[in-house]
Amino acid sequence: MSRLDRPVARFRALLLALALAAAWARADELQDIDKLVRQGQHEQALERVNRYLAQKPRDAQGRFLKGLILAEENKVSEAIEVFKKLSQDYPQLPEPYNNLAVLYAAQGQYEKAREELEASIRTHPSYATAYENLGDVYTKLASDSYDKAFQLDSSNSGAKTKLSLIHELISSTNRLPRPATSPSSPTAEPSPQSLATASERADTEAKQPSRPAKAETAKTDAAVQPRSAPDQSKDDVLRTLADWANTWSKQDSSGYLAFYAKDFRTPNGETRADWEAARTRRISAPKRIEVIVRSPTVKFMGDNNAVVTFRQLYRSDHLKANAAKTLVMIRSDGRWLIQEERTGS
Amino acid sequence: MSARVGICVAVAAMAFGAPSALSPARGARIDATADALLANVYDEIAKGRLDVALQNIDGLIHVRPNFRLAHLIKGDLLMARVHPLSTVGAFAAAPKEQLEGLRAEALARLRAYREPPPVDRVPRYLLQLREDQKFAIVIDTRRSRLYVYQNDNGRPRFVADYYVSSGKNGALKAREGDEKTPVGVYHITASLPREKLSEFYGDGAFPISYPNEWDRIQGRNGHGIWLHGTPPDTYSRPPRSSNGCVVLANADLDAVARDLQVGLTPVIISEDVEWLSFDDWASERRAFRDQLERWRADWESRDTDRYLSHYSRRFAANGQNYESWARHKREVNEGKRWIKVGIENVSMFRDPGKEDLLVVTFDQEYRSNNLSNMMRKRQYWKREDGDWRIVYEGPG
Numbered sequence: 001m002s003r004l005d006r007p008v009a010r011f012r013a014l015l016l017a018l019a020l021a022a023a024w025a026r027a028d029e030l031q032d033i034d035k036l037v038r039q040g041q042h043e044q045a046l047e048r049v050n051r052y053l054a055q056k057p058r059d060a061q062g063r064f065l066k067g068l069i070l071a072e073e074n075k076v077s078e079a080i081e082v083f084k085k086l087s088q089d090y091p092q093l094p095e096p097y098n099n100l101a102v103l104y105a106a107q108g109q110y111e112k113a114r115e116e117l118e119a120s121i122r123t124h125p126s127y128a129t130a131y132e133n134l135g136d137v138y139t140k141l142a143s144d145s146y147d148k149a150f151q152l153d154s155s156n157s158g159a160k161t162k163l164s165l166i167h168e169l170i171s172s173t174n175r176l177p178r179p180a181t182s183p184s185s186p187t188a189e190p191s192p193q194s195l196a197t198a199s200e201r202a203d204t205e206a207k208q209p210s211r212p213a214k215a216e217t218a219k220t221d222a223a224v225q226p227r228s229a230p231d232q233s234k235d236d237v238l239r240t241l242a243d244w245a246n247t248w249s250k251q252d253s254s255g256y257l258a259f260y261a262k263d264f265r266t267p268n269g270e271t272r273a274d275w276e277a278a279r280t281r282r283i284s285a286p287k288r289i290e291v292i293v294r295s296p297t298v299k300f301m302g303d304n305n306a307v308v309t310f311r312q313l314y315r316s317d318h319l320k321a322n323a324a325k326t327l328v329m330i331r332s333d334g335r336w337l338i339q340e341e342r343t344g345s
Numbered sequence: 001m002s003a004r005v006g007i008c009v010a011v012a013a014m015a016f017g018a019p020s021a022l023s024p025a026r027g028a029r030i031d032a033t034a035d036a037l038l039a040n041v042y043d044e045i046a047k048g049r050l051d052v053a054l055q056n057i058d059g060l061i062h063v064r065p066n067f068r069l070a071h072l073i074k075g076d077l078l079m080a081r082v083h084p085l086s087t088v089g090a091f092a093a094a095p096k097e098q099l100e101g102l103r104a105e106a107l108a109r110l111r112a113y114r115e116p117p118p119v120d121r122v123p124r125y126l127l128q129l130r131e132d133q134k135f136a137i138v139i140d141t142r143r144s145r146l147y148v149y150q151n152d153n154g155r156p157r158f159v160a161d162y163y164v165s166s167g168k169n170g171a172l173k174a175r176e177g178d179e180k181t182p183v184g185v186y187h188i189t190a191s192l193p194r195e196k197l198s199e200f201y202g203d204g205a206f207p208i209s210y211p212n213e214w215d216r217i218q219g220r221n222g223h224g225i226w227l228h229g230t231p232p233d234t235y236s237r238p239p240r241s242s243n244g245c246v247v248l249a250n251a252d253l254d255a256v257a258r259d260l261q262v263g264l265t266p267v268i269i270s271e272d273v274e275w276l277s278f279d280d281w282a283s284e285r286r287a288f289r290d291q292l293e294r295w296r297a298d299w300e301s302r303d304t305d306r307y308l309s310h311y312s313r314r315f316a317a318n319g320q321n322y323e324s325w326a327r328h329k330r331e332v333n334e335g336k337r338w339i340k341v342g343i344e345n346v347s348m349f350r351d352p353g354k355e356d357l358l359v360v361t362f363d364q365e366y367r368s369n370n371l372s373n374m375m376r377k378r379q380y381w382k383r384e385d386g387d388w389r390i391v392y393e394g395p396g
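First to last, the sequence lines map onto chains D and Y. If you count the first sequence from 1, position 225 lands on 225 in the working numbering, and the numbers rise without skipping. If you count the second sequence from 1, position 102 lands on 102 in the working numbering, and the numbers rise without skipping.
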C-alpha cells in the first residue's frame, strides 16, 4: 500500500498536529511540555509530564501526552501500558485504542492491533486515521494469511506496517466530561457537526496559503489505473464520478443533486426532499469544499448497473475526512446516476 | 458494504453456479472434518456476515492450522474489508499453480457441501456386498470425493464422505507413470502403518489391488496405487495433485481406516459416480443374481453347450482362450455322472469404466462323482450384444 512509503510525510504531519494541539491544550504546562517534545527534548518532557501527572494523576491529556513521548522514545511496552490504562479509564475515547493498535503493530502483534482499531472505530465510527490504520492492518493480516496459504517465506513478512499515531485527544474536548458509558451510535457519513471542531485542528494544511476558492480542485487519479481494451462504459462511469466530485467541489448543489437517480436510497431512509434540503445546506455552508476521488474501481453488475468503490478525500474550511465510499450506479437514458451511496468498508 | 458485494459475488458464483443434480441428504452427513466448519464459513459469507465468517475461519484455522485453503479464505475476508474482491484468492503475488489448486479445492469442497450424496439413491456399483464386507468405499475423482457405505444387511447405507485428491492427469490409469488414478473395482490389499512410511504419506497407507485381472487383460500396468494421508506441512492437497494415489487429510484417513478390512473392503473408483434409486438398484441386483444362478444350474446340468453359452468368445484366463477352454470343459464333463455346485458369500460390483462390466466374487463348493473342491472364485461378466457373458474367470 502506498501509505507504507509515507511515514516521513506522516511524521511531519504529526509535528504540525502537535503544534496545533499545543495551541489549544488546556494547561499551559502541557503546552510547554509539548514544545519540549517538538524540540526533541524527550527526557525533559517526560520528567515534566511525570511531575504534572503527580499533581493530576487522572488527567487524560497529560497521560495521553506521556504515552506519546514514550512512543517517540521507542519505549513501546511502557507506552502500551499508558494507553491501555487510559483506554480502560476512558473507554469512550477512540484515540488511545488507535495508538495502542499502532504500538501493537510495531511489535508485530497485528491481531491485537486489529482488536484495538475495531474498538476505536466502534467508539468513533468516522475516525479517518483509525480507518486507514485498520485498512493497513487488514492488509498486513491478509498478506500473512496468503503467505500461509501458499507457504511463502515472504521476504517482507517481517516488515512492519507503519501505522499513524493520533497525536491529540481530539474527541476529548466534548466527550471527556461524559461518563464512560454508551458508545456513540454509528453514523453513515462523517457528520460535520461532530467533527467540525476536531478537524479544524486536524487539518494540518490549514496554515498554508489559501487555495483559490471554488476552483476546479476535484481530481480523480483514475488515469493511473491500468486500462486494457477500450471500455466505454467504464470510462463513462469514471467521468461521471469525476463530474460529480467537481460539481460538489464547486458547491453547485442543484448540479450535485442531479447526479442522483429518482429512486436513490436516502442513507437514513429520510424522504428525498428532506435529504435534498440537508445536502443543499451542507454543500452551500462551507466557504470552500474540495472533494478528491482516489483509486476508484468499477465493477459492472450487468450492462446498466455498476458499483464504484473509491476513497473520498473531503476537505472544507471546517472539516476534513478521508473515507471509503461506494456508489451503486445505474444507467438511465445514457446517463449514469447514483442509486445508493455508502460510507465505510 | 462494498467489500461484501465483491466476495459475495465470488462465493455465490461458486456456490450456486452449478445446478444441483442431486437431492440433498443433509441429515445423513456425518462430517467431523474441516468441511463442516468450512461449509459454515461459506454460509456466513453467503449471508453477508463477513465478521462471523472471519471468526469461524479463525476457529477452523485453530483446529487445522495447516489448512491452506482456510488461510486463503481468511486472507480474502480481510482484504474484502480494504477493497472489494472479485475472486477467491485475491492475492497478486500468489504462485499461479498453487492458487489454481486452492481454487479448485474450494470449488470441490463447496460443491460437495451444496450437493451432498443423495439419501434416496445408491452408487450403482454396489450391487451386492458380502456379509463380512462391513463397508465399501466409492470414490468420485471428478468431484474429489470419497464415500463410505456400510453394509446394512446387504443394502449399502451411506455413512460419510470426504474430500480426496487424485492423479495429476485425471483418471483411467493405463500406464506406469501416467500420473492417473485407475478406474475400476479394487479392494484393500494391505495396511502400511505410518512408522514404516516416509512422512509424505501422513498417517498411513492402504494399497489397493490395481492392476486387477481385467486391467492386466487390457494391458494396463503400473503399481503402487494407495489410499494414503497427507504430509505434515499441509492439511490437504489440491484435487489433482497425486501420481495416481487417492489422498485424504490425515484426520479423514484415520476415520476411514477404522472401517477398512484388509483383503475385503471394496474400493470402487469412478470418474463420475452413477446413482440409482433403491428400486432400480434392487432390480439390477435381482437380474444379476438370476444370471449367476442360471450359470450355476447350467453347470450342474452337465449340458456343456448351455454351460458354455455363458462364456464370451473373447474369454481368456490362465493362458486359455475360449476354444481351449471349451475343449477342456467338454472333456471334463464326459467323465461326470453328477455335479453339485454351491455358491455362497457372493459379492457383485459393477465396474464404473466405459464397458458394461460386472465383477462377481464368491465361495464355490464343487462336488462331483470324481472330484470335489472348495475355492474362492472371481468372474468378470461383460455385456456383449445385450447379453452378459463371462470374459474372465479365476481364483479370487
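No lab work stands behind these hints: they were computed from the structure. Treat the hints loosely; a few may be bogus.
[Said to hold, decoys possible] Here are the simulated PhoX-like pairs of lysine-lysine, each with C-alpha atoms no more than 25 Å apart in a straight line: (1) D/299 to Y/340; (2) D/35 to D/112; (3) D/299 to Y/96; (4) D/35 to D/56.
[To be verified] Where chain D lies over chain Y, by a calculated footprint (3+ residues, C-beta under 8 Å): (5) 80 to 87; (6) 144 to 151.
Keep in mind that this is a model prediction, so the values were computed, not measured. Even glycine gets a Cβ: it sits at the ideal position worked out from N, Cα and C.
Problem set entry | Enumerated hints in conflict with the structure, sorted upward | 1, 2 and 6
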